[in-house]
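Q: What follows is the residue order along each chain.
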Amino acid sequence: MRTPVKRKSRRGSAMVEFALCATVLTTAFTGVFRFGYEMYVYNELVSGVREGARYASLAGVSNAGDGTCPTPSAYATAVQNMVVYGTTSTGTTTIAPNLTPSQVSVTVACAGTGNAASVPTSVTVKVSSYAIDAVVASWTVTNKPVMTIPYFGKYCSTNGGLNAC
Amino acid sequence: MKALEAKLIRRLPAKKGQRGFTLAVTAAGLFMLVGMLGLAVDVGRIYIVKSEGQAYADLGAITAARALDGKSTGITAARTAVSNSTNKWLFGTKSFTDGIRTVEFGTKTSNSLTCSGATYTASPSSPYTNYGCVRVTVTPAVDMSFMPIFGTSYTQTVTSQAVAGVIPESFPLGGYMPFTPFAHMPNCSLTVTTGCDSTGNYGMLIGEEYGFRWPGNLNGQGNACEGDRVSWPAYNFSDTVSGSTRGYFELQAASAIGDAILGAIQTQPLSVGDVLNMTNGSKQAEANALNLRTSYDIDQTNYVAVTPSTPPGVAPGYYGNNMREVVMPVNSGPFTSAAYPTPYTVLGFASFLLYTNYTTGGGNQPWCAIYMGSSTAGGTGGVFGVAGAFVVRLTQ
Chain Y
0 MRTPVKRKSR
10 RGSAMVEFAL
20 CATVLTTAFT
30 GVFRFGYEMY
40 VYNELVSGVR
50 EGARYASLAG
60 VSNAGDGTCP
70 TPSAYATAVQ
80 NMVVYGTTST
90 GTTTIAPNLT
100 PSQVSVTVAC
110 AGTGNAASVP
120 TSVTVKVSSY
130 AIDAVVASWT
140 VTNKPVMTIP
150 YFGKYCSTNG
160 GLNAC
Chain F
0 MKALEAKLIR
10 RLPAKKGQRG
20 FTLAVTAAGL
30 FMLVGMLGLA
40 VDVGRIYIVK
50 SEGQAYADLG
60 AITAARALDG
70 KSTGITAART
80 AVSNSTNKWL
90 FGTKSFTDGI
100 RTVEFGTKTS
110 NSLTCSGATY
120 TASPSSPYTN
130 YGCVRVTVTP
140 AVDMSFMPIF
150 GTSYTQTVTS
160 QAVAGVIPES
170 FPLGGYMPFT
180 PFAHMPNCSL
190 TVTTGCDSTG
200 NYGMLIGEEY
210 GFRWPGNLNG
220 QGNACEGDRV
230 SWPAYNFSDT
240 VSGSTRGYFE
250 LQAASAIGDA
260 ILGAIQTQPL
270 SVGDVLNMTN
280 GSKQAEANAL
290 NLRTSYDIDQ
300 TNYVAVTPST
310 PPGVAPGYYG
320 NNMREVVMPV
330 NSGPFTSAAY
340 PTPYTVLGFA
350 SFLLYTNYTT
360 GGGNQPWCAI
370 YMGSSTAGGT
380 GGVFGVAGAF
390 VVRLTQ
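Line by line, the protein sequences give chains Y and F. Note that numbering that gives the first Met the number 0 gives residue 163 to position 164 of the first sequence, counting from 1, and the numbers run on in steps of one. Note that numbering that gives the first Met the number 0 gives residue 215 to position 216 of the second sequence, counting from 1, and the numbers run on in steps of one.
No lab work stands behind these hints: they were computed from the structure. Fair warning: there could be bad hints in the mix.
Simulated crosslink set (BS3-like; lysine-lysine; CA at most 30 Å straight-line) [stated by the list, open to error]: (1) Y/K143 to F/K70; (2) F/K93 to F/K49; (3) F/K49 to F/K87; (4) F/K93 to Y/K143; (5) F/K87 to Y/K143.
So that you can see chain Y by itself, here it is in the shape it has in the complex (with noise of 0.2 Å):
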């Protein structure tokens, strides 16, 4: 009557076996669909921020003249519209999940002195906090991804001159 005993014992180590491999099993699949999911998600961010960037190198870009280098409100609005939705204005689809526009940063940069300290001489657009969420973890990215474009745009002054607005 030793069979029965062995019987038992079988089926408790495919239980172990079972146990052990769904455990290594769920890890690596989470893992790939994790490490997956959050490059798919970044890619679709340095997309983004690329067209952002090529768009705010050629927008107008108008200020006071004045020897400081703002970045205009409606510039940074429609260049963080173009990073997350594609369009210069607000869409329905983002290119990433819950990414806002705030979430983009852009910043005009100058160079010059006096007045011409105004004119914008390149653009740095980035998304300054994002949180990549895998459902089993998430990932946050901080100012990146990060692309700097020379300003190639039109650039006017409410100050006049050669190039008032």
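Put chain F on the given structure of chain Y with help from the hints.
A: Only chain F this time, still in chain Y's reference frame:
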């Protein structure tokens, strides 16, 4: 019975082997899982580095091509423009250094619209006017975490490349502007061999300004654009056309004027040898449309025309989007000759750079634009270093 039982028990070792089979299958499954993990992580990283590298190459090539000026300084400036880029790779953590970045300059072997026929070198030599294409290549090596298990190398080089060129622009925005300047002399051809311009510039100087809409009262030459006034004695004729029929040749309604100027929309084909029938049009409507058009240009620099006393002329370093640089038909003027017996005959097409502001003030004020060179419209020529209309754009 006992013998049978013993026989059955002896067969148990075979079932014991099935337990090992589960582990073996799991091991094989793990092998595949690592492969999937490798694909997710390593290939994912490759894709991201590819995106970052391509963005770097695209932006670098455009900024470098814009820096080309036909001199060695332009070559240096182009290299600097690429190396000054602060964009990075591998999740924005690593810089593109000289070791993984190549900047090459292309000499066009023919009038190519794509730079595809160019021969590239990293060390260009004189004459630098031949270099109209820039190729930027980056080759970052991405470390592999899982894929080496399957025999691949420990790093994977991800190559991204972009080419930007100074491209001849034959038909900016599809059509001609509805204005027509006067040629100072016809270009030399098989039938016209004397009293002609052998350089193909209609007797005009690149970089100098000329009128494309002349005033009713020339006042001697007092009401003429500088290029017409200083170097063309014939520009002192008795104006035989009337009203606003002085250079504009498209439809007359205000909306049509806007379409013709803003969109360069033509209502009829125009070829060399055609006689232009100029039409009346509101000068105010024309000025409004011209100013609106020029306001769309990304280059709002007020370039100053060169003086004809210092030839050879050099075209301004305009880098806009062709809202200001336009193509107009050049006509034979109110004069007649054996070769061109009818006034206002189209002799060819040329590129002109519009100023940023046109007014109707003064009544007899001419409208001037800077001559940029003979247009390549309808013909060959226009390789970099030759007069013509050009635009910088990515070609690969």
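Q: A separate judgement is required for each hint: does it hold in the structure or not?
A: Verification of the supplied hints:
1. Y/K143 to F/K70: 38 Å, violated
2. F/K93 to F/K49: Holds: F/K93 and F/K49 sit about 13 Å apart, inside 30 Å.
3. F/K49 to F/K87: With Cα atoms ~11 Å apart, F/K49 and F/K87 stay inside 30 Å; holds.
4. F/K93 to Y/K143: 12 Å, holds
5. F/K87 to Y/K143: Holds, because 10 Å separates the two Cα atoms, which is no more than 30 Å.
In this structure, only the earlier hint numbered 1 is contradicted, and the remaining ones agree with it.
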